[in-house]
Amino acid sequence: MNDKTAQRFGEVFRRFFETGYMDDLAELFQGESKVIVYLSTAEGIVYPSDISRDLMISRQRATSVLSAMEKKGFVSLVRDPEDKRRVQVKLLPKGEKSIEEKQQRLEKYFSVFVDALGEENLKNLLDSSEKAVEALEHTMKGNSQKV
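Note that UniProt numbering gives residue 42 to position 42 of the sequence shown, counting from 1, and the numbers run on in steps of one.
A few of these clues could be false.
Stated by the list, open to error - Calculated lysine to aspartate or glutamate pairs in the EDC-like style (CA-CA distance at most 16 Å, straight line):
| id | residue 1 | residue 2 |
| --- | --- | --- |
| 1 | LYS90 | GLU70 |
| 2 | LYS102 | ASP23 |
| 3 | LYS90 | ASP24 |
| 4 | LYS34 | ASP80 |
| 5 | LYS94 | GLU32 |
| 6 | LYS34 | GLU18 |
| 7 | LYS90 | GLU101 |
| 8 | LYS102 | GLU32 |
| 9 | LYS4 | GLU43 |
| 10 | LYS108 | GLU43 |
| 11 | LYS84 | GLU134 |
| 12 | LYS102 | GLU43 |
As the list claims (entries may be wrong) - Pair by pair, the computed Cβ-Cβ distance ranges are:
| id | residue 1 | residue 2 | range |
| --- | --- | --- | --- |
| 13 | LEU117 | LYS71 | 26 to 34 Å |
| 14 | ARG53 | GLU96 | 48 to 56 Å |
| 15 | PHE9 | ARG79 | 49 to 57 Å |
| 16 | LYS123 | ARG79 | 48 to 56 Å |
| 17 | GLN60 | ARG14 | 34 to 42 Å |
| 18 | ARG59 | GLN104 | 40 to 48 Å |
The set of hints was computed from the structure by calculation and includes no laboratory data.
Note that CB positions come from ideal geometry on N, CA and C, so glycine has one too.
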């Protein structure tokens with residue numbers, strides 16, 4: 001890649017990040033939102049240990065996130081009636097609503113992309129982005145340092 005293309009790449013992505021879209025997208029896949037999405041799709045009773053294991057976060061982090069979510073009214077933490085040492089996690093309507101609002105914001109961004117690019121150009125962008133992500137994943141596989 002020549003210097004001019006590299007500079008343009010950096011400038012376009014800087015502007016892209018400044019729109020706030022990436023913040024909203026990242027928020028959906030991290031922290032509380034990630035837990036809410038998990039709870040909304042989970043079947044049966046969920047325990048903090050399930051969240052820790054399935055989302056690959058420490059038990060301490062899971063406990064911290066769940067405590068904050070309980071204070072906000074997003075989840076309830078209830079003692080398991082059959083094993084008082086365990087706590088069941090239940091998603092509350094306020095938690096469901098918070099994730100729906102975030103998903104609606106992302107859908108608005110998506111419709112801006114479709115309107116600006118058209119469906120065919122958007123498909124090409126997604127195909128190219130997928131190739132780039134696969135290349136990054138391949139490069140990073142087994143390498144704990146960033147490129």
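Consistency of the hints with the structure:
{"no.": "1", "hint": "LYS90 to GLU70", "result": "holds, 10 Å"}
{"no.": "2", "hint": "LYS102 to ASP23", "result": "holds, 11 Å"}
{"no.": "3", "hint": "LYS90 to ASP24", "result": "violated, 24 Å"}
{"no.": "4", "hint": "LYS34 to ASP80", "result": "violated, 23 Å"}
{"no.": "5", "hint": "LYS94 to GLU32", "result": "holds, 13 Å"}
{"no.": "6", "hint": "LYS34 to GLU18", "result": "violated, 23 Å"}
{"no.": "7", "hint": "LYS90 to GLU101", "result": "violated, 19 Å"}
{"no.": "8", "hint": "LYS102 to GLU32", "result": "holds, 12 Å"}
{"no.": "9", "hint": "LYS4 to GLU43", "result": "violated, 51 Å"}
{"no.": "10", "hint": "LYS108 to GLU43", "result": "violated, 29 Å"}
{"no.": "11", "hint": "LYS84 to GLU134", "result": "violated, 45 Å"}
{"no.": "12", "hint": "LYS102 to GLU43", "result": "violated, 22 Å"}
{"no.": "13", "hint": "LEU117 to LYS71: 26 to 34 Å", "result": "violated, 41 Å"}
{"no.": "14", "hint": "ARG53 to GLU96: 48 to 56 Å", "result": "violated, 23 Å"}
{"no.": "15", "hint": "PHE9 to ARG79: 49 to 57 Å", "result": "holds, 53 Å"}
{"no.": "16", "hint": "LYS123 to ARG79: 48 to 56 Å", "result": "holds, 50 Å"}
{"no.": "17", "hint": "GLN60 to ARG14: 34 to 42 Å", "result": "holds, 35 Å"}
{"no.": "18", "hint": "ARG59 to GLN104: 40 to 48 Å", "result": "violated, 32 Å"}
When held up to the earlier numbered hints, the structure conflicts with 3, 4, 6, 7, 9, 10, 11, 12, 13, 14, 18 and fits the remainder.
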